[in-house]
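Put chain E on the given structure of chain X with help from the hints.
Taken in sequence, the protein lines are chains X and E.
Using the numbering used here, the first residue of the first sequence is number 1, and each one after it goes up by one.
Using the numbering used here, the first residue of the second sequence is number 1, and each one after it goes up by one.
Hints are supplied without guarantee of correctness; some may be wrong.
Take a look, some chain X residues computed to stay more than 10 Å from chain E by CB distance [what the hints assert, rightly or not]: (1) SER2; (2) ILE21; (3) TYR39; (4) LEU47.
Cross-link-like lysine to any residue pairs, in silico, SDA-like; alpha carbons within 25 Å at most [as the list claims (entries may be wrong)]: (5) LYS59(E) / LEU47(X); (6) LYS76(X) / LEU62(E); (7) LYS59(E) / GLU4(X); (8) LYS19(X) / VAL68(E); (9) LYS59(E) / LEU68(X).
To be clear, the hints were calculated from the coordinates, so they are not data collected in a lab.
Remember, predicted model here, so these are calculated numbers, not experimental data.
Think of the CB as a built atom: it goes at the ideal place given N, C-alpha and C, for glycine as much as any other residue.
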Amino acid sequence: MSIEVRIPTILRPYTKDQKTIEASGATLAAVISDIDSQYVGLAERLLEDGALRRFINVYINDEDVRFLGGLETQIKDGDSITILPAVAGG
Amino acid sequence: MTLEISRIFVDAILEQSRAEYPDECCGVILGPVGADTAVRHKPMVNAAHSPTFYEFDPKDLLSLYREVDDADEEIVVIYHSHTETEAYPSRTDIAYAGEPGAHYVLVSTRKEIAPATEFRSYRIIDGIVTEEPVTILD
Numbered sequence: 001m002s003i004e005v006r007i008p009t010i011l012r013p014y015t016k017d018q019k020t021i022e023a024s025g026a027t028l029a030a031v032i033s034d035i036d037s038q039y040v041g042l043a044e045r046l047l048e049d050g051a052l053r054r055f056i057n058v059y060i061n062d063e064d065v066r067f068l069g070g071l072e073t074q075i076k077d078g079d080s081i082t083i084l085p086a087v088a089g090g
Numbered sequence: 001m002t003l004e005i006s007r008i009f010v011d012a013i014l015e016q017s018r019a020e021y022p023d024e025c026c027g028v029i030l031g032p033v034g035a036d037t038a039v040r041h042k043p044m045v046n047a048a049h050s051p052t053f054y055e056f057d058p059k060d061l062l063s064l065y066r067e068v069d070d071a072d073e074e075i076v077v078i079y080h081s082h083t084e085t086e087a088y089p090s091r092t093d094i095a096y097a098g099e100p101g102a103h104y105v106l107v108s109t110r111k112e113i114a115p116a117t118e119f120r121s122y123r124i125i126d127g128i129v130t131e132e133p134v135t136i137l138d
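Isolated chain X, as found in the complex (with noise of 0.2 Å):
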């Protein structure tokens, strides 16, 4: 199984300036561990606390996780996954 992720520039740093890699798993939760299994450090980037970070948005083909399962969200082949900082300040 083969998910497509999409980096932003802040996180390529992690992966030698890729803008897309691939990764695998069931849940949300299990592409974030492959990732970092693959690109060690950019987990910690995305996940605070066991919780997606408030900085960060996740989307899942054209959704935001948030108003999936978050971290939960079951996956399937073939679906993309898109990484964006959040624009946003006070």
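For chain E alone, coordinates are given in the frame of chain X:
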């Protein structure tokens, strides 16, 4: 680094900040990949509708990045307004800053300086704020 920006965009951003007052306004200016040239202005909706916070709606954010990728563009400027404080990045701005290649522009419409306004630009990388000169092109 210097931000070079057309007066048309500066005026449009200040106009937007006044129109959306008392909420903060926000948006981006896009340009061709690698050129660091601000050519296409795209005002964004502040999904927070707040005088103290701004946030691009997550759906708008995804469409923006798709659009930018498809057009071989990048985000050159990310701007927002401060309505009651100086045009300097707040702690929240610094915590959220996720585009190391972008010029973070802040404008201020605070009353103390009216009718004057502030238009300032920064790099925000790994929590470090560096102000940079702004050259307005007529």
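Hint check results:
1. With a least beta-carbon separation of about 21 Å from chain E, SER2(X) lies farther than 10 Å from that chain, consistent with its non-interface assignment.
2. For ILE21(X), the shortest C-beta to C-beta distance to chain E comes to about 16 Å, beyond the 10 Å cut-off, and the non-interface label holds.
3. Listed as a non-interface residue, TYR39(X) keeps its Cβ farther than 10 Å from every Cβ of chain E; the least gap is roughly 18 Å.
4. At roughly 16 Å from the closest C-beta of chain E, the C-beta of LEU47(X) stays outside 10 Å, upholding its exclusion from the interface.
5. Between the alpha carbons of LYS59(E) and LEU47(X) the distance comes to roughly 21 Å, so the proposed pair stays at or under 25 Å and holds.
6. Straight-line distance between C-alpha atoms of LYS76(X) and LEU62(E) comes to about 20 Å, which keeps the hinted pair within the 25 Å bound.
7. Restraint check for LYS59(E) and GLU4(X): the C-alpha separation of about 19 Å stays at or below 25 Å, so the hint holds.
8. Taken as a hint, the LYS19(X) and VAL68(E) pair is honoured in the structure, with Cα atoms around 14 Å apart against an allowance of 25 Å.
9. Proposed proximity of LYS59(E) and LEU68(X) is supported: the alpha carbons are some 14 Å apart, at most 25 Å.
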